[in-house]
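Here is how the chains run, residue by residue.
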Amino acid sequence: MVKTLTADFDINLEADVLVIGGGPAGTWAAWRAASSGASVILVDKGYCGTAGCAAASGNGVWYVPEEAEARYKAITSRESLGGFLANRQWMERVLEQTYANVNLLAEWGYPFPTDDEGKPYRRSLQGPEYMRLMRKQIKRFGVQILDHSPALELLVDNDGGVGGARGVNRQTGKPWSVRSRSVIIATGGCAFLSKALGCNVLTGDGYLMAQEAGAEMSGMEFSNAYGISPAFSSVTKGLMYTWATFTYEDKTPIPGASSYGRSAIAKTLLENQSVYAILDKAAPSMYSSMRLAQPNFFLPFDRAGIDPFTQHFPITLRLEGTVRGTGGIRIVDDTCATSVRGLYAAGDAATRELICGGFTGGGSHNAAWAISSGYWSGEAAATYARSLGNKGQRHLRGAGEAVLKPKKEQSCLAVDEVIKAVQAEVFPYDRNYFRTERGLSESLEILQSLWKEIRNSPVEENQLIRAREAAAMVATARWMYSSALERRETRGMHKHLDYPEQDANQQHYLISGGLDRVWVRTQSLNNGKSKVLNSNLKIGEAA
Amino acid sequence: MIELVSASRCINCNLCVNVCPTNVFDADSNAPPRITRQSDCQTCFMCELYCPVDALYVAPESDIQTPVNEAKLAETGLLGSYRENIGWGYKRTSTAKKDETFQLLKQMK
Chain A
1 MVKTLTADFD INLEADVLVI GGGPAGTWAA WRAASSGASV ILVDKGYCGT
51 AGCAAASGNG VWYVPEEAEA RYKAITSRES LGGFLANRQW MERVLEQTYA
101 NVNLLAEWGY PFPTDDEGKP YRRSLQGPEY MRLMRKQIKR FGVQILDHSP
151 ALELLVDNDG GVGGARGVNR QTGKPWSVRS RSVIIATGGC AFLSKALGCN
201 VLTGDGYLMA QEAGAEMSGM EFSNAYGISP AFSSVTKGLM YTWATFTYED
251 KTPIPGASSY GRSAIAKTLL ENQSVYAILD KAAPSMYSSM RLAQPNFFLP
301 FDRAGIDPFT QHFPITLRLE GTVRGTGGIR IVDDTCATSV RGLYAAGDAA
351 TRELICGGFT GGGSHNAAWA ISSGYWSGEA AATYARSLGN KGQRHLRGAG
401 EAVLKPKKEQ SCLAVDEVIK AVQAEVFPYD RNYFRTERGL SESLEILQSL
451 WKEIRNSPVE ENQLIRAREA AAMVATARWM YSSALERRET RGMHKHLDYP
501 EQDANQQHYL ISGGLDRVWV RTQSLNNGKS KVLNSNLKIG EAA
Chain B
1001 MIELVSASRC INCNLCVNVC PTNVFDADSN APPRITRQSD CQTCFMCELY
1051 CPVDALYVAP ESDIQTPVNE AKLAETGLLG SYRENIGWGY KRTSTAKKDE
1101 TFQLLKQMK
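Chains A and B are the protein sequences, given in the same order.
So the first sequence is residues 1 to 543, counted in this note's numbering.
So the second sequence is residues 1001 to 1109, counted in this note's numbering.
Note that these hints are calculated values from the structure, not bench results.
Some clues are possibly wrong.
[As the list claims (entries may be wrong)] Straight-line Cα separation of at most 27 Å, DSS-like style, residue types lysine-lysine; simulated pairs: (1) B/1098 / A/267; (2) A/136 / B/1098; (3) B/1091 / A/136.
[Stated by the list, open to error] Partial pick of chain B residues on the chain A-facing surface, computed with a CB cut under 8 Å: (4) 1010; (5) 1038; (6) 1049; (7) 1094; (8) 1102; (9) 1104.
Source: prediction; values computed, not measured.
All C-beta atoms, glycine included, are put in the ideal place defined by N, C-alpha and C.
Modelling step: build the complete structure from the supplied sequences, incorporating the hints.
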């Protein structure tokens, strides 16, 4: 048998563009950069093709035909949900790019279905199929993929420009380094190892690396997305709950509870009462369509011997953090550049406020954003790499700060304890789903001491990757809660019990950053450096 | 959570070692891969899709270990059931082609 372990590669590599993360955004970025003529290396912490929430889950896509009315409707339909923080020009260009790129997927062989009228239906992607195709496609364009190769830190030059990354192959233990002219962070969001579907590789690693190199975050208060799953299962897919009744243990319905009314579910769970669901609103004639649309939704039920259409099953809410939140690395122009030279951010790693404001669900807009921001960042990273010309070798140093001092000591950091401690601050519904000034402040004190603990702790060498994940999660939680404290209102998914109303004076972005000292500042919607952010469109005018 | 690498079915190709996004397996020379980091399993079922001989079983319980009986799983058709549903494998067609999400969205209007 052929051994397929991809362990053997040169440990010192060079490329024009390095892409960190091999989900939708990373693969679109890699494809675009490579098809622009750049040499591209893509590193993934797991396996490009199975890693990330899209591969495991699959999703709808914000794919809207080129008709003015349909596009206008698509743009205006969620502005209110997002708290009027989205930008219409960004939405327009994402719709346009996504439409073009999804059509490319069809050309590349994605087996889209046809609808009743015999027309191709391109608004849904099955994850395993989509990401297997993307892997094949980038390999076809010469992208070199390093699987199981988490990046540990970015490399920067003397002027602060980014020049690659270094990491380790977690299967062989061999260190790797890639010198590149530009870097794209496409590492996804952060779901704090909640086991939401496909999300356990998403621990905010890219946020931490970008921060250490000097980038900024935006919208980190929009980080409290929770997905519904059967209580025993990882499958946080929400669509089917459109046809669910949510009940107490005695099978009486919970008032106000629905797929779109998760607050009532969270409140019931907070009272230590179990919540049950049953898909009794689906007509039997729909069952087969439902199974064909989302085979993975039904997998846990079939295996647990539960008929979700006729039997009540216990459900829970799993934290999806910024994966289905909208906060992420701040981007400063329409190429998805960050504030650091040579560094770009794409997909869930970047803020999605520009098209979603303060609210998003799974897939749809996120999927469109991954496709578009990946494409743009790939193009820009290739152009930037070309613009550097043959300047010769730059002197590079590691930008990483936290827990990068492996030592073989007895008194090493208990990494798993740190992770449990962070989870204890971000999982509880009465801390994160429903926020209060007191709760956020108490959590921040604990998180600050966790940061101090993990910041300079020596870790055992075989714990280095996990320790960096832990540090990233602690840092992410601090940007989240520091931003949440500053948003003294309720907007988008950010529910502040002390300030339950939306406040017109806070229709702005919250930029955050810092490691030892976390800071937050406001930025007006029209005050960005970027052309697009200076748009004259009046955001918030929509019905 | 991953519960089974069937020794009788496994052909030691180590594809699962390669594709698991959370690196739960370790390759063994001339033997089936070992599940060495079971608690890291995120219950995403991806390994099953890539296993060419349906030798793997991921139990639906994501947070606790569940004992499984291979003979019973084989008998009830659960070994390889996800791969079959997705339409991956020899002489199968991807069921992405039959995705009826559009029917569901019509119901939501």
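Quick rundown of the hints versus the structure:
Proposed proximity of residue 1098 of chain B and residue 267 of chain A is contradicted: the alpha carbons are some 38 Å apart, above 27 Å. As the CA atoms of residue 136 of chain A and residue 1098 of chain B are separated by approximately 22 Å, the hinted pair is consistent with the 27 Å bound. Distance check on the hinted pair: residue 1091 of chain B and residue 136 of chain A sit about 20 Å apart at the alpha-carbon level, within 27 Å; holds. The beta carbon of residue 1010 of chain B is not positioned within 8 Å of any beta carbon in chain A (closest approach about 10 Å), and the interface hint is therefore violated.
Hint on residue 1038 of chain B is violated. Least Cβ distance to chain A is approximately 13 Å, over the 8 Å limit. For residue 1049 of chain B, the interface hint holds, since its Cβ comes within 8 Å of a Cβ in chain A; the closest pair sits about 5 Å apart. Using the Cβ-Cβ criterion of 8 Å, the hint placing residue 1094 of chain B at the interface with chain A is satisfied: the shortest such distance is roughly 5 Å. For residue 1102 of chain B, the interface hint holds, the least distance from its beta-carbon to any beta-carbon of chain A being 5 Å, beneath 8 Å.
Here the hint on residue 1104 of chain B is kept, as its CB sits about 6 Å from the closest CB of chain A, short of 8 Å.
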